[in-house]
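Visitor: Dock the two chains into a complex; use the hints.
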Amino acid sequence: MSDVGQSVLVAVLVALVGIGAIPVLAGLYQYLLVPVHAFRNHLRDAAPHLPRVVVIVPAWNEGAVLAASLDRLMSLQYPPDRLRVFVVDDASTDDTPDVVRAKAVQYDDRIVHLRREQGGQGKAHTLNHGIRYALADDWMQALLIMDADVIYRPDSLRRMARHLADEKVGAVTAFIREGSGRPGSVARFIGYEYVTAQAAARRAQNIMGAMACLAGGAQLHSRENLEAVGGQVDTSTLAEDTYTTFLTQLSGRRVVFEPAAVVLAEEPDTVTALWKQRVRWARGNVQITRNFRRVWFRPSRTHNLGNVDFGIIWFAIYLLPVAMGFAAVGLVGLYFVAEVTATQVFQGFWWVAVTAYVFITAVTLLLDRETARRSWVQGLVFPGLGALVVMSAAWFPNLWEERIPALLGLEMSQTGRMVWTLTLYSWSVIAMALAWVVKLLERSRAVRWLATPLLYVVGFGPVLCAITLDAYVKQARGATAVWDKTEKTGRVMG
Amino acid sequence: MSGSHRAAPGDDARWWATLTPDALDDEIRSNRRSERRLLVVVALVSLAITAAALLLHGGVA
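Chains as they are written, first to last, in the numbering used here: chain G, 2 to 495; chain Z, 80 to 140.
Chain Z on its own, in the form it takes in the complex (with noise of 0.2 Å):
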C-alpha cells in the first residue's frame, strides 16, 4: 500500500497507525511534502502581505 492509493480522508493516519516500516516510512515522506508546501505558502503570502502594507504606506504617506 502506498500514499497514491488512498484518497479518503484519515486513510493516511489510518495507514500510518499500523506502524509497519512502510507505513512509517510514507509517513515521514508525507510530512515532508507537507512542510514544504505549508512553508512555501506561508512565505510567499507574508511577504506579499508585509510588500502591500509597504505600497500602501507609500502611497497614503
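Just chain G, with the same shape it has in the complex (with noise of 0.2 Å):
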C-alpha cells in the first residue's frame, strides 16, 4: 500500500473511533447542563394551580396492584372534588372488574370503571378509550396518565400541576424511580439508570428546552393541549408516550420535567423481561426518528426538537451500537495498519471515557441519595467490570501486560499480548456479543446461576447497546410490532 493510501485509511480508522466518543461526548455534555438547572428551571414560572384532573389508569389483569394503586391515588394531597380517576379495563380476564368496582363504592364513584370488551390493542388504543370519556365533559381541565403498578407520593401530583399555570406549558412528567420492595441486579441497574435517564438527562432536556419524552406513567396534559394534539395518542408506533411529546413540543407547548415529583414504579428483574420490554421502546424510538424525519437538525422558532445540541444527544443514543462498533472497527484496524497509532488513540478514547465515567457517576449517586443507596454498586459498575479493566489499561499503559503479571512472577507472551490488545480494542463489541450469552443463560436452567455475574461483567449500558441492536434488526425485518405488557407482582414499595 502507498504512503497516501496508508494515510487516508490510518485516517479513516481515526475517524471511526472519534464517531465512538461522540455518545461518550453527548452524554458528558447533558451532565455539564444539570448544574445549569439550579439557577435555570421553570419553577420560576410555576404558580399554585390545582385544576380538575382526570387520571386515566390503563388496566390489563392488574388486580394484583390495582387496589394498592387505587387507594394511594385517592390518599394524593390534592383536593377530592378535583380529582377522578378512570380506569380503563382493557378486557381483563383476571378480578380487576371486581377491584375497581370496590374501590368505586369506597371511594363514592370518584372512581370509574371504564370496560373494553375487545382488548388486547396496546396501551395507546386503552388510552384513548378513557381520553374520549375525559373530554367528552367540560369537567376535566387536567388529564394525567399513567400506569396501574405506579405509586404517586402523594405530593407528585400537585408538584406536577404548578407548571399548568404556565400557559405556554402543555405537558409535564415527574421523576420515575425504580421502587420494588426487594430489587434483585437487573431492577438496581434499572433503578441506577432512571437517574441518569430521568433525574440528569430530563433537567439537561428542561435547560434545552427540549424533551426527549414523557414518561409513560406520569404525564399530566393540559386539557388545551390534549385537544391540540388530536384529543387522543398515538396508535401508529410503539412509543406513544414519545409520540404525543413531540406533537406537544411541535404545537408550540413547552414539556416540562419536575424533579421534585417523584412516582415509584416496579421494573422487570430479569434480563429476559428487560429485553422483552426495551426491545418495544427502542423499535418505537426507530418509528419516532423515521415518522420526525423531518424535524432533526432544522431550527425552528416555536419549538427546540430542531436544535443541534437535541439533535446530536437523540442520535447519540440511537445510534449507540453502531457508534461502539466504529470505535472497535477503527482500533483494531488501525492496530494492524498503525500500531503506535493505534495505542494513542486507544488511550485518547478511553481517558475520555474515564474522566466522563467518574464525572456522570458522581453526579448520578448525589443527585437521588435514595437510589444511590439501593444501587451504588449498579452505578459503579454500570459500564461493565470489563470496561472498567479496559479503563484502567488505558489509563495505566502495561499494568496488565507486564505489572500485574510481574508481580505474580509471570510474564505475558507476544502471542498473549495480542490476543489481549485485540480484546481491549474490541470490548465495546464483544460487550453487546455477551449480553446476549446473558440472556440465553437465564433461560437454562443448568447455567442460570451464571447470568448475574456475566452481566455484571458486561455491564448494563452494553446491555441496552445489545437490545437497541435487536430492535433495529426487528424492525429491518418488519417483525410483528405487539404491544408486550411487562409482568408485574405489586413488589413496589411507597
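By construction, these hints were calculated from the structure, which means they are not laboratory data. Given the structure is predicted, the values throughout are model-derived calculations rather than measurements. Keep in mind that the hints are not guaranteed to be accurate.
To give an idea of the chain G side of the interface with chain Z (calculated C-beta under 7 Å), a few residues [stated by the list, open to error]:
id, residue
1, P36
2, H43
3, A47
4, A105
5, L367
6, M392
7, A395
8, W396
Here are some chain G residues the structure puts well away from chain Z; computed CB gaps all over 12 Å [said to hold, decoys possible]:
id, residue
9, M141
10, A201
11, V330
12, L441
Ideal Cβ placement from N, Cα and C applies to all residues, glycine included.
Guide: As C-alpha cells, this is what we get:
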C-alpha cells in the first residue's frame, strides 16, 4: 500500500474511533447542563394551580396491583373534588373489574370503571378509550396518564400541576424511581439508569427546552394541549408517549420535567423481561426517528426539537451500538495498520471515557441519594467490570501486560499480548455479544446462576446497546409490532 | 404562616398539604431553594472527584 493510501486509511480508522467518542461526549454535555438547572428551571414560572384532573389508568389483568395503586391515588394531597380516576379495563380476565367496582363504592364514585370488551390492542388504544370519555365532559381541565402499577408520592400530582399555571406549558412529567420492595440486580441497575435517563437527562432537556419523552407512567397534560394534539394518543407506533411528547412541542407548547414529583414503579428484574420491554421501546424510537425525520437538525422558532444539541443527543443514543462498533473497528484496524497510532488513539478514547465515567457516576449517585443507597454498586459497575478493566488498561499502560503478571512472577507471551490488546480494542463489541449470552444463560436451568455474574462483567450499558441492536434488526425485518405487557407483581414499596 | 416559622421536621410537608395558595407558593419557593442547593453541591463535589481522579492518574502514570 502506498504512503498516501496508508495515511488515508489511518485517518479513516481514527475518524471511526472519533465517531465512537461522540456518544460519550454527548453524555458528558448533558451532564454538564445538569447544574445549570439550579438557576434555570421552570419553577420560577410555576404558581399555585390545582386544575380538575382526570387520571387515566390503563389496566389489563392488574388485579394484583390495582387496589393499592387506587388507594394511593385517592390519598394524594389534592382536593378530592378536583380528582377523578378512570380505570380503563382492557378486557381483563382476572379480578380487575371487581377490584375497580369495590373501590368505586369505597370512594363515592370518584373512581370510574370503563370496560373495553375487545382488549389486547395495546396501551394506546386503551388510553384513547379513557381520553374520549374525559374529553366528552367539560369538567376535566387536565389529564394524568399513568400505569396501573406505579405509586405516586402524595405531593407528586400537585407538584406537577403547578407548572400548568404557565399556559405555554402543555405537559409535565415526573421522576419515575425504581421502587421494588426487594430489587434484584437488574432492577437495581434500572434504578440507577432511571436517575441518569430522567433525573439527570431530563433536567438537561429542561435547559435545552426540548424534551425527548414524557414518562409513560407520569404525564400530565393540559386539556388545551390534549385537544391540540388531536384528542388522542398515537396508535401507529410502539412509543405513544414519545409521539405525544413530540406533537406537544411541535404545536408550540413546552414539556417540563419536575424532579420533585416522584413516582415509584416496579421494573423488570430479569434480563429476559428487560429485553422484551426495551426492544419495544427501541423499536418505538426507530419509528419516531423516521416519522419525525423532517424535524431533526432544523432549528425552528416554535420548538427546540430541531436544535443541533438535541439532535446530537438523540442520535448519540439512537446510534450508540453503531458508534461502539465503529470504535472497535477503528481500533482493531489501526492495530494492524499503525500499531503506535492505535495505542495513542486507544488511550485518548478511553481517557475521555474515564473522565466521563467518573463525572457522570459521581453526579448520578449524588443526585438521587435514595437510589444511590440501593444501587451504588450497580452505578459503579454500570459500564461493566470488563469496561473498567479496559479503562484501567488505557490509563495505566502495561498494567495488565507487565505490572500485574510481574507481581505473580509471570510474563505475557507475544501472542498473549496480541490477543489481550485486540480484546481491549474490541471490548465494546464483545460486551454487546456477551449481553446475548447473559440472556441465553438466564433461560438455561443448568447454568442460570452464571447470568448475574456475567451481567456485572458485561455491564448494563452494553446490555441496553445489544437490545437496541436487536430492535433495529427486528424493525428492519418488519417483525410483528406487538405491545407486550411487562409482568408486574405488586412489589413496589411506597 | 411562612416557611421561617416552622422548625420541626415534617412541618413544611403538613403546611404544604393544606393546599392553600400561600402554602403552595411556599412549597414552590422551598423547592427552588432545594434544587439550587442540591445541584450546586452535586456539581462541586462531582467536579472535585473528577479532578482528583485526573490528578491521581497524573501522579501514578
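Visitor: Going through the numbered hints above, which ones does this structure break? Give me the numbers in ascending order.
Guide: 2, 4, 6, 7, 10
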